[in-house]
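Colleague: Top to bottom, those sequences are chains A and B. Everything in the first sequence is counted per this note's numbering, starting at 1 for the first residue and increasing by one. Everything in the second sequence is counted per this note's numbering, starting at 1 for the first residue and increasing by one.
Honestly, I wouldn't trust all of these hints.
It does not matter which identical chain is used: a pair holds within one copy or between any two.
[Said to hold, decoys possible] No more than 30 Å apart at the CA atoms, straight line, and that leaves these computed lysine-lysine pairs for DSSO-like: (1) 207 - 163; (2) 207 - 141; (3) 276 - 207; (4) 141 - 124; (5) 124 - 22; (6) 124 - 21; (7) 207 - 124; (8) 50 - 124; (9) 50 - 163; (10) 276 - 124; (11) 126 - 207; (12) 275 - 124; (13) 275 - 141; (14) 126 - 141; (15) 126 - 21; (16) 126 - 50; (17) 3 - 21; (18) 3 - 141; (19) 3 - 22; (20) 21 - 163; (21) 141 - 22.
Calculated from the structure, these hints are not laboratory results. Being a predicted model, the structure only gives us computed values, none of them experimental.
Read off the chains here:
There are 2 protein chains.
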Amino acid sequence: MDKICIVGVGLIGGSLGLALKKANWCGRVLGFGRNVERLQEAVSVGAIDKFSTDPGDVAGCDLIFLATPVGSYESILDQIREHLSPETIITDGGSTKASVVRAAESVFGEIPARFVPGHPIAGKEKSGVAHADANLYRDHKVILTPVELTDADAVQVVTDMWKACGAVVETLDVGQHDRVLAATSHLPHVIAYALVNAVAETTYVQKIFDFAAGGFRDSSRVASSDPTMWRDICLENREAILEMTSRYREELARLECLIEGADGDGLFELFAGCKKVRDARFG
Amino acid sequence: MDKICIVGVGLIGGSLGLALKKANWCGRVLGFGRNVERLQEAVSVGAIDKFSTDPGDVAGCDLIFLATPVGSYESILDQIREHLSPETIITDGGSTKASVVRAAESVFGEIPARFVPGHPIAGKEKSGVAHADANLYRDHKVILTPVELTDADAVQVVTDMWKACGAVVETLDVGQHDRVLAATSHLPHVIAYALVNAVAETTYVQKIFDFAAGGFRDSSRVASSDPTMWRDICLENREAILEMTSRYREELARLECLIEGADGDGLFELFAGCKKVRDARFG
Numbered sequence: 001m002d003k004i005c006i007v008g009v010g011l012i013g014g015s016l017g018l019a020l021k022k023a024n025w026c027g028r029v030l031g032f033g034r035n036v037e038r039l040q041e042a043v044s045v046g047a048i049d050k051f052s053t054d055p056g057d058v059a060g061c062d063l064i065f066l067a068t069p070v071g072s073y074e075s076i077l078d079q080i081r082e083h084l085s086p087e088t089i090i091t092d093g094g095s096t097k098a099s100v101v102r103a104a105e106s107v108f109g110e111i112p113a114r115f116v117p118g119h120p121i122a123g124k125e126k127s128g129v130a131h132a133d134a135n136l137y138r139d140h141k142v143i144l145t146p147v148e149l150t151d152a153d154a155v156q157v158v159t160d161m162w163k164a165c166g167a168v169v170e171t172l173d174v175g176q177h178d179r180v181l182a183a184t185s186h187l188p189h190v191i192a193y194a195l196v197n198a199v200a201e202t203t204y205v206q207k208i209f210d211f212a213a214g215g216f217r218d219s220s221r222v223a224s225s226d227p228t229m230w231r232d233i234c235l236e237n238r239e240a241i242l243e244m245t246s247r248y249r250e251e252l253a254r255l256e257c258l259i260e261g262a263d264g265d266g267l268f269e270l271f272a273g274c275k276k277v278r279d280a281r282f283g
Numbered sequence: 001m002d003k004i005c006i007v008g009v010g011l012i013g014g015s016l017g018l019a020l021k022k023a024n025w026c027g028r029v030l031g032f033g034r035n036v037e038r039l040q041e042a043v044s045v046g047a048i049d050k051f052s053t054d055p056g057d058v059a060g061c062d063l064i065f066l067a068t069p070v071g072s073y074e075s076i077l078d079q080i081r082e083h084l085s086p087e088t089i090i091t092d093g094g095s096t097k098a099s100v101v102r103a104a105e106s107v108f109g110e111i112p113a114r115f116v117p118g119h120p121i122a123g124k125e126k127s128g129v130a131h132a133d134a135n136l137y138r139d140h141k142v143i144l145t146p147v148e149l150t151d152a153d154a155v156q157v158v159t160d161m162w163k164a165c166g167a168v169v170e171t172l173d174v175g176q177h178d179r180v181l182a183a184t185s186h187l188p189h190v191i192a193y194a195l196v197n198a199v200a201e202t203t204y205v206q207k208i209f210d211f212a213a214g215g216f217r218d219s220s221r222v223a224s225s226d227p228t229m230w231r232d233i234c235l236e237n238r239e240a241i242l243e244m245t246s247r248y249r250e251e252l253a254r255l256e257c258l259i260e261g262a263d264g265d266g267l268f269e270l271f272a273g274c275k276k277v278r279d280a281r282f283g
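Looking at chain A on its own, in the form it has when it is part of the complex (with noise of 0.2 Å):
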């Protein structure tokens, strides 16, 4: 690779451009975006070479990574779409993918066959690319979504790409890669931000944050992520996310009918079921 763009250059762009440049895997590195300030942060840490907020500079570059929040997909492909080469390669790191591919149909009329959509799980509740880490990547599993259209040497080329930066790639079908990720992290994000604002929304918040210890800490803290990215993922996600969050309600509502009827038994058997599943998993 000769030269690549990074569209958005904050925690996951950054670390991806950290990563590349340690790896040695492209001669240059540019950031494209909107905000200036953040640009030339960008640059001093070293996630990019160059920085522009001109669309025509992506000419020539060999692969674009989508790294802004997924609402802003449509617009951005649509403002670099007279400057890009048959050849350029595009893939992302949005985690919703049904809507990346709908909203690149919506910009090229098919998805084009070198846009590979892409996910990497991995992530922090500090945004920003101050807080980018070469290392963001490292052991952490990328899963790919190519739908039926898409090449296998862009594929190939997005897997290599990930693989330089420590990752395991995997491959998902769309509409399975939004199910898995609506329970693995859309329904965690749902069911922390309701658990902060319940407690915020009490008249002893204080005393409660006064008292609140390691439990609390971790059952919270994806509460803490960046709000638009969370706001464009209940959009673009939103059927897998309610289907979850439906899902959900139904197991609270029984437990709190246990609670509610003071059925020890039938906690016990739900606690002691609930700890084999999650201790074969995370033991």
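Given the structure of chain A, go ahead and fit chain B onto it with the hints provided.
Modeller: Relative to the frame of chain A, chain B by itself:
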């Protein structure tokens, strides 16, 4: 203190024993319980000096610490009551306090003046004396909830005991303790159990666990806690927990409603508000 007795030498009781012996706070530590094998393990890790399964052996102890699941207190107090002197201080590590006062009232008619209900805000999702740690309470809060009848000097002795473990002792009213803990600890546990169960019942649970990363691990961590302990907490703090789950259910419904209606501005506002509240406490 010459001789103290720890009833139930698991994670909480065992960690107190290790901490007090390390601090040389008392002469001898007796462990009382039912399971000889576990009591032997407690001796071998140094959490207690001797053990007994005979309630008569608590006679002569200056202080008794109850560290079994709260549902067992009434039966334990009933077994040891005839062996107590009026000077014996009783305290405990239970996660609910109104129920502890009720258990004492039920056994003694009224709560003894030298019974100091307490709750160390520390723990792990791993139970058992094998995970006990002399530093478990260091820099952690311990809440004491004395009632009107409680002797001030008994409170002072229990305060000194916890300070010897490196803990920070605070006092709350019984009802306030139970409401605060319902929010900071019991609700997060209920939420985590519902999360694990919601996921476990999908047809693609294996794929979900394959791709579950740090967010899911942290959000579900407390679902690996001891089922007996949490059964008892749910039964003993029923009302305060149901009050919190009801608040929580409303917040969840509000969020689902915003997602359903694709209300981006509403989602952003809610997420940004949560982030602000949480960062202010844990930032």
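Colleague: All hints are to be evaluated individually against the structure, with a verdict given for each.
Modeller: Quick rundown of the hints versus the structure:
{"no.": "1", "hint": "207 - 163", "result": "between (47 Å within a copy, 21 Å between copies)"}
{"no.": "2", "hint": "207 - 141", "result": "between (40 Å within a copy, 13 Å between copies)"}
{"no.": "3", "hint": "276 - 207", "result": "between (34 Å within a copy, 17 Å between copies)"}
{"no.": "4", "hint": "141 - 124", "result": "both (15 Å within a copy, 28 Å between copies)"}
{"no.": "5", "hint": "124 - 22", "result": "within (20 Å within a copy, 38 Å between copies)"}
{"no.": "6", "hint": "124 - 21", "result": "within (21 Å within a copy, 40 Å between copies)"}
{"no.": "7", "hint": "207 - 124", "result": "both (28 Å within a copy, 22 Å between copies)"}
{"no.": "8", "hint": "50 - 124", "result": "within (25 Å within a copy, 47 Å between copies)"}
{"no.": "9", "hint": "50 - 163", "result": "within (24 Å within a copy, 56 Å between copies)"}
{"no.": "10", "hint": "276 - 124", "result": "both (27 Å within a copy, 16 Å between copies)"}
{"no.": "11", "hint": "126 - 207", "result": "both (26 Å within a copy, 27 Å between copies)"}
{"no.": "12", "hint": "275 - 124", "result": "both (26 Å within a copy, 14 Å between copies)"}
{"no.": "13", "hint": "275 - 141", "result": "both (25 Å within a copy, 27 Å between copies)"}
{"no.": "14", "hint": "126 - 141", "result": "both (19 Å within a copy, 27 Å between copies)"}
{"no.": "15", "hint": "126 - 21", "result": "within (22 Å within a copy, 41 Å between copies)"}
{"no.": "16", "hint": "126 - 50", "result": "within (24 Å within a copy, 49 Å between copies)"}
{"no.": "17", "hint": "3 - 21", "result": "within (11 Å within a copy, 64 Å between copies)"}
{"no.": "18", "hint": "3 - 141", "result": "within (25 Å within a copy, 55 Å between copies)"}
{"no.": "19", "hint": "3 - 22", "result": "within (15 Å within a copy, 61 Å between copies)"}
{"no.": "20", "hint": "21 - 163", "result": "within (13 Å within a copy, 51 Å between copies)"}
{"no.": "21", "hint": "141 - 22", "result": "within (19 Å within a copy, 44 Å between copies)"}
In the structure shown, no violation is registered for any of the earlier numbered hints.
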